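Chains as they are written, first to last, in the numbering used here: chain A, 1 to 291; chain B, 1 to 375.
None of these hints come from the bench; they were simulated from the model. Be aware that a few hints might be false.
To give an idea of the chain B side of the interface with chain A (calculated C-beta under 7 Å), a few residues [unchecked claim]:
hint, residue
1, Gly30
2, Leu71
3, Lys74
4, Asn84
5, Ala86
6, Tyr94
7, Asn209
8, Tyr223
Please read these numbers as outputs of a predicted model, since none were measured by experiment. Virtual Cβ for every residue (Gly too), placed ideally from N, Cα, C.
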Amino acid sequence: MPGMRDVEIRSRSTELLIMCIVFMLSLPVITGYALIILSSFSRDMVTNLDPSAFKPTLTNWILLFHGRTALFAGIRVNIWGIVFNTLIVALGISLLVTITGALTGYAISRMNFHGRKHIMALLILLHAFPGSVLVVGVAFIYRLFMPSYTYVVYYSFFFVILARAAIEIPMATWLMKGFFDMIPWEIEWSAIVDGASRIRVWWKILLPLIKPGLAAVMLFGFLAGWMDLIYVRTFLAEPTLAVFIEYNVHAEYAYLPLVAAAGTLYLLPTILFFLFAQKLIFTISVSGIKG
Amino acid sequence: MVVVRLDRVTKIFKGGVVGVKDISLTIKHGEFMALLGPSGSGKSTTLYLIAGIYKPTSGRIYFDDRDVTNLPPKDRNVGLVFQNWALYPHMKVYENIAFPLRLKKLPEEEIKRRVLDVARMLQIDKLLDRYPWQLSGGQQQRVAIARALVKEPDVLLLDEPLSNLDAILRISVRAELKRLQKKLGITTIYVTHDQAEALAMADRIALINEGRIVQVGTPEEVYNRPATVFVGGFLGNPPMNFLEAEVEDLDKEIFLVIGKYRIRAPERYWSIIRRLKTKRVIIGFRPEDTSIKPESLDTICLPGRVYGIEPLGRENIVVIEIGGELVKIISGRRISLTLDQMVWICPVMEKIILFDPATGKALDRLVVEEKIRAI
Ligand SMILES: Nc1ncnc2c1ncn2[C@@H]1O[C@H](COP(=O)(O)OP(=O)(O)OP(=O)(O)O)[C@@H](O)[C@H]1O
Ligand SMILES: [Mg+2]
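This is chain B alone, in the form it adopts within the complex (with noise of 0.2 Å):
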């Protein structure tokens, strides 16, 4: 179990391909850390920097106090699972789990207890004498896990190891999966572009995006607090809403104004808008944190037009357009709303989050900046 630690880490590739810019992040002893992002964001990139296999252009990683920095990955001990699991396909199940302990030249004994224990713990111990295509890819999978395991390395790296799986096995696996790491205490980097995935199983997740960490946070922290508009884009299913306003400072009051509607501004943001200066903002909500209604006269009500409705069997998601914009809304399973209709929808204040449309950044992260620039 160590500490793992990437300080301002930069990768480049040839042809100067940016692969992650100046990424600083520590992974706790025994934690379970997400790094989320779309494709191409510099996930594997990380994973692959961690593991030794790609050398970091500029920065230091660190094991514990220990600089890996320029250390082979043979002497990182780190297990990895690859995202098509890499297992040697002329190998039997068996000789795949056992080729990492081979190679340390272990007593043929202990090579045997250590594959079956770790077998049995990932309940493949049945299929030891098969060849990696004659496996489903559930089985796969653990076989991959089993392989990472078995030379109890210090941490654990698994790349998108879900994402050849069928939605439902996927569902079972992953609750396992996080027992199973609960249990072995090892400290775990799971690399997914799957928000659900890592919201369900990461005690913090790192959100990365273009080759940079945007968030790093406990899954509630990044859910409820998104520090800009791509995080609140990209967690939730349907993500968060947004829409663009123009701020109305009335001195006594502050209204935010969407085309010919306006809505009053979350108190709590008065101060950090009159501070900035803000001249913009976007106004970002979640699906579940708003109400539709038929009629209303409340100030942070907006009204709009019934563009859709998507049933999903537990809920509806009502699709709403507002001055041009479609924004989507989970509602109860029984609605009694038709197609044009004009309706009101009303975040809930507390959960409204403005951003700063020129850098994406929310308002009151952008104040904390602002106040560390000052001292």
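Same shape as in the complex, but just chain A (with noise of 0.2 Å):
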């Protein structure tokens, strides 16, 4: 994998100046951050930026992991439970939103047929539409397939990932035409000319160079399912972590250090994701093609 490179003009003192603005500008979201998480292993929350109040435990965590969400009341909920909803509804509009993106982007990427350019257009703008907006209209096409009552966890499960979904698909597709536009056409005829389907094609030559832009469109979706409040409010039968904090923030009982540890839970997959996934990503290995 070729290494990180730049043009070498800029000197190092500015370098410096930019890191240190940098830095000072993105201070605030840090600080934010690192108070939740230091706020989850204390018996009182930081955030008023006292460091008397650090006393440090680990009850938040274990009482979270027990599915107890106030110190004293007998209130339990399943927190396993919760987190699984929550990968379920994540994974799957992961797969969904990677899946469609790679076959809609290399339709519009590789192929010649009407209203491409329109479709373009159009996604763009789908893109430019808040999730927020479409709510009224998704519920009304909810109601109108909605099954019967037995049934309704899991429709609402598989409604919810596919109209989250459907919100993350134009920029998805946008994002995987730019890597097939980046593949030399060579590349493609000469698999076709040694005899492959297109579909092929596409599954044993293009998608394996373009894993890089795959494992982005996977992780955004992945995040994009994890964050979400709205959709899954709205629609799910069963709660996410999302709605869970959501809840117990305003609730009576809430004892705020342990939703700090809910919170610090439900950042894990974007603080895992900064730690390693960021090199897979900006680094998009097309090593090897010419042209």
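Both chains are sitting in their own frames, so use the hints and assemble them into the complex.
Put into structure tokens, the structure is as follows:
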């Protein structure tokens, strides 16, 4: 994999200056996250920037994993069930977005059909629409196909995944189109002359070449599902982590350090993503492709 | 092994860009045909039409008597080597070569046998376990050829396969490729814009310019008897020299007037000039078929001024100005010329070719065309 390179015309001091500015700008965000994480290990919230409030403990996490949402009250939730629900939604969306994006992106990048230009414009427009605006229309469709009570839980999962994925797909399509555009036509032609069908070329030749792109779309899809509140809250019959946190923030019995622990759990994929996946996404390996 | 025949094939792209126009060409059994032309002349387009990647706008393509015009690429059994080789970057060399066989669902031992055979033939059997980006340009090019050959194609199509190699490697691979083609006897079409490559390798050369076939013939034919000014100016290094001249018919003799000077027209052209009633001609003569003399009274010689000298080691190219035009002449290794010296240049009478300035065609061709029209 080729290393990161740059034109070396900036001086060291400018570079340092830029780094400082960037750091200052991101300081509020970083502080916010750090305080939440810190609070989750403390008896009291430390969000007022008072270091003396930090009284280290693991109680919050222990309580959370036991599914007890308040310190004293006997309220119990199945936290693992909630994590599981969140995972189902996030993975479902991720999968659906990736598969659809890889197919539509290929079609738009490589196939010549009527209305291709219009579809491309429309996709941008769709992406510009915030999902919350569409929620009424989506609710209408939700009611339209609602099954009998027994199946409503399954239906709601299925529906949320479908609806939330639909919002991510335009962007995923554009991303994938960009990746397919980078692959020289000769590689595809070569495989076709060798006797491969187009779907086979897509699967055997093109997809392996844009693995980093696939990973990126997969991750964005996953995070979209993991983070989503509006759709999940409106349509899903079961809570996810986001919904759970949202409930508990206003609940009378709320014990905030515990909510902070839940929040940290909620942030986990994002943190992991930033720790491990950056490299994967930003160094798109197209080594060996000429042209 | 098949005969490939293009019958009045035209390809017009979306937006009206002409790829190739009205191409008719037959490539014989086992023949090595070079498709030679400048950039953008339609060479790759022709190749892709034969491979089935493009569909012709009109015209037909035959392999032997089989009409393949509407056949998809996979049913044509052609091997194609692209200009940039188009190896699959995520597959090792072995898998690259095996890919066409995998698609045919051949048994694993057979695949292995055939991959190893072709790899040994091209001397890449030690590289099978590497990725394409771990290979040098010359090795990648062999892999691409191996992948094209492994399916035992009826037709081998090569699109400037050597253009990414350095000059020295190119010349050695050139000879190797030609040997290989003759050994396997596969009908081969070889696209190049390098005239030396075409002359060195091909059984026959098809010259293509602006989407049209200009001339087809053996290297010897197209070099010595160019059909148009374009062919003369494209082949050879330096290429043919051209001078425009006025025809002066004095009944007994015919002269060609270049500015203040005149030379006697070659006798074999007299009847042609009279038949076509030609008023102006372009005189074409090759740099190596011309001599430089300090003094001359010969009626074929023209006076000129030494404009520059380019030593090439084995020979010298002398640039001479004649009435505002520059011509290049190859002279021996030792010359005793100085800049701005006045000299006489004397083309070999039999090697002079006259062209029609309006159409760019050689006069003897025009005569043949006229005779055909007259019938
Ligand atoms: N897909 C296409 N769409 C539109 N025009 C095209 C397309 N492919 C080629 N052309 C045009 O057709 C003409 C012939 O192109 P072609 O690629 O056959 O040239 P070439 O002889 O192979 O040139 P080179 O030596 O540069 O490879 C050019 O004018 C080119 O711009
Ligand atoms: Mg080309």
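These are the hints, each one checked on the structure:
no., hint, result
1, Gly30, "21 Å, violated"
2, Leu71, "12 Å, violated"
3, Lys74, "4 Å, holds"
4, Asn84, "4 Å, holds"
5, Ala86, "4 Å, holds"
6, Tyr94, "15 Å, violated"
7, Asn209, "24 Å, violated"
8, Tyr223, "32 Å, violated"
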